[in-house]
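Visitor: The primary structure of each chain is shown beneath.
There are 2 protein chains.
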Amino acid sequence: MEPSNLTASEAARAIASGELTSEALLQSCLEQIYKLDKEVKAFAHVADVSALETARKLDQLSSKGALHGIPFAAKDIIDSHDMPTSYGSAIYANAQPVTDASCIALARRSGGVLLGKTVTTEFANLTPNETRNPIDTNRTPGGSSSGSAAAVAAGMVPVAFGTQTTQSTIRPAAFCGVHGYNPTTGHFRMSGVREAAGTFDRLGLITRSLEDIQLVRDLLLLRPANTFKISPKPPRIAFCRSHLWNEVDGFYRSEIETAIKQLRIAGASVKEIELPSEFKSLPEAHRWISSFEFARNFAFEIDVHWEKISPQLREGRIADGLSCTPERYFESLAFMRSAMTMIPALFDETDVIVTASTLSSAPIGIEATGSAAIGSIWTPLHLPCVTLPVFKTPEGLPLGLQVLGPLHGDDKLLPNAAWIEHSL
Amino acid sequence: MEPSNLTASEAARAIASGELTSEALLQSCLEQIYKLDKEVKAFAHVADVSALETARKLDQLSSKGALHGIPFAAKDIIDSHDMPTSYGSAIYANAQPVTDASCIALARRSGGVLLGKTVTTEFANLTPNETRNPIDTNRTPGGSSSGSAAAVAAGMVPVAFGTQTTQSTIRPAAFCGVHGYNPTTGHFRMSGVREAAGTFDRLGLITRSLEDIQLVRDLLLLRPANTFKISPKPPRIAFCRSHLWNEVDGFYRSEIETAIKQLRIAGASVKEIELPSEFKSLPEAHRWISSFEFARNFAFEIDVHWEKISPQLREGRIADGLSCTPERYFESLAFMRSAMTMIPALFDETDVIVTASTLSSAPIGIEATGSAAIGSIWTPLHLPCVTLPVFKTPEGLPLGLQVLGPLHGDDKLLPNAAWIEHSL
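Protein sequences, first through last, are from chains A and B. The first sequence runs 3 to 426 under this note's numbering. The second sequence runs 3 to 426 under this note's numbering.
Treat the hints loosely; a few may be bogus.
Each pair may be met inside one copy or between any two copies, as identical chains are not told apart.
With a Cα cut of at most 25 Å, we get these calculated SDA-like pairs of lysine to any residue [said to hold, decoys possible]:
#1 K66 x C326
#2 K231 x A18
#3 K66 x E317
#4 K282 x S325
#5 K414 x R339
#6 K59 x E309
#7 K310 x R111
#8 K37 x D50
#9 K66 x H307
#10 K231 x D220
#11 K231 x E329
#12 K235 x S64
#13 K414 x S378
#14 K414 x D251
#15 K273 x L426
#16 K310 x Q98
#17 K59 x V306
Keep in mind that the hints were calculated from the coordinates and are not lab data.
Using the sequences plus the hints, can you model the full thing?
Guide: Below, the structure written as structure tokens:
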């Protein structure tokens, strides 16, 4: 097996045991980039020379930490002190931040090698840049963490940081057939990550395994790496179709229904739940909160660089945000908080909620990143979530299964999701 | 009256009517800076040349907005694209960000003239830089928004942005005898403001009047400026001594008790409330949450610039944060949210809570910024708050009265606080 196909955890074990060097792993990842990235365009910046130097140095050292010698990438709205950060916008072509974002510094502290910055949509909003889905390059990789998902799926890097404000980690991970994870909102620090809409913005992880999610989660929380274990007992599952079920692609719906049966057969207790009727207003609250915040966060760009902002962003999120009164914004925030008080009832005798990750597989074309509708229900609840790449369409396109845990329940969510993944 | 002594609202009216030019106002502010700032050291950077140019240009234009021609300053952890931002740390001496923070861009959009960056404690934590209290230069101005409060109090600028993670706006404003305000946590965007502890960080305003707070609040929310009015009817007041009452200076306690009597006489209904006993744990939750987040946010500085971090910060907040397990952090977050569910009961038939702003007037010495204890109760509740400069010690040192409103109740809090200020 090519080193570039290993998960971060597998590669870390191989490096620790002396079977693999960081340099060889990095070379293998770079080969994938040189081979594929002219077409996929996952990377906005590849720091091949400095990353190789770092890898060679790490090969001379005893282990610095859980990510020792492992290449990683970061979405290009995450600052790095030694390579440019462009936020997906021509305004900031080659802009050089003065610091490393918290997540980059912590990954480096654990021995990780920052290989480059991955393409983001414009300011992590809807307007895509030129990344293609490596599974089918006629299709979008999803967004806004387009390059992070494409790079992990294409074997260019085992782990990449993304972010999510609506569905910007779950959607591209699902479209590209990899694992995506967002923690309970607030668990991971956002220092050095450009704010889109602070109420919702979360750092997300894109990996090739749940074990890798746990690995990176542990280092971001600054705690010792835990050996990852599948939950020894089947989780209590609540299957939630949500009010968007009729918008989910038919084949995908039947795959999910079949998976639910398999999980029951494998020993899980599964009940079906409906969301409180109030939750139908969550997408609207999400829209007003995120648009209101976005339109104010980008005041400098709007005033000084208006002509460099895409028409889609101007006429979409920004116009939306400018049309939202403060009163509507405050009401939306209060509504979101009241909806969150209903979360404990959702998880009554329930360990995880299982639902669709997206409405469909990756659509054809790269001029849009696909629907984020499912995220607009779950993101305002602040729940931790993963997407598992467990389905494929007859054409071979990936589809994910989304698994959500209760607030602060991330450390149980991951082993429970592993049980589900293992049983499918 | 010197133009430098006007409030922003007064100056804006004088400029609009042609009685004053932006250039004359700026010159008057600069004179104060040239005269006093060698000793007070409120400013980390004064952009006198470019600010004068901007003021002259604005004098040629019809009004751009509510802050047309008015100088303002921003705490030096708030990014500006055209002047350095040092975050109060030698690590970033003369560092140049690529963008304007949302608050700076929005103030400029309204015609405000960024006059400079005001001194912050190191990364908006406890270690002071060299600012002195302009009321008595042997004393601290408080922190972490030290320079913002000192500059407004010394007539160097009518309005300055600060931030608050514990009590970093209320305390310096109270110590320097000016108005300080923090909105409901989340109302003002933090894009371009260096994160200290994202759960608590809020942009704060330091001004010479409540009217100015409303003026700047409106422009940050991107809504038309409202004519500021004192509440036509007396507010229903809950007087809360809190469990810290015995730590409040005796003279200050008696001033507050007297003020409560005056407010009753002026027609306000005043009841006394005790905080729920659970709230005694809020300061500890605040400590763990803020320290946990801080220690992870500054991973880059810890790893790359350790020797340039003050011993106080290393051994204080950072050590504290590194000793906090993720489990304790999650529990503290959950506890904070459960405490917040008790807020509606606190405001039952109550418009505002009145309490002390600080434990005392500004202590002697500039090697510390004074106790932030009172903030560690109120900040975790996310409530909007103002401090009113309504008391003075026999030595002439300012003391504030803190007035808090319910979540999202900012627009009523300000007129109610004005009623209180007017009645004292």
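Visitor: Are the hints correct? Go through all of them and say.
Guide: Hints and how they fare:
no.	hint	verdict
1	K66 x C326	between (49 Å within a copy, 21 Å between copies)
2	K231 x A18	within (20 Å within a copy, 68 Å between copies)
3	K66 x E317	between (48 Å within a copy, 23 Å between copies)
4	K282 x S325	within (22 Å within a copy, 42 Å between copies)
5	K414 x R339	both (24 Å within a copy, 21 Å between copies)
6	K59 x E309	between (44 Å within a copy, 23 Å between copies)
7	K310 x R111	between (36 Å within a copy, 18 Å between copies)
8	K37 x D50	within (14 Å within a copy, 54 Å between copies)
9	K66 x H307	between (43 Å within a copy, 18 Å between copies)
10	K231 x D220	within (14 Å within a copy, 52 Å between copies)
11	K231 x E329	between (47 Å within a copy, 19 Å between copies)
12	K235 x S64	neither (37 Å within a copy, 71 Å between copies)
13	K414 x S378	within (24 Å within a copy, 31 Å between copies)
14	K414 x D251	neither (30 Å within a copy, 48 Å between copies)
15	K273 x L426	within (18 Å within a copy, 61 Å between copies)
16	K310 x Q98	both (19 Å within a copy, 22 Å between copies)
17	K59 x V306	between (43 Å within a copy, 17 Å between copies)
Checked against the numbered hints given earlier, the structure breaks hints 12 and 14 and satisfies all the rest.
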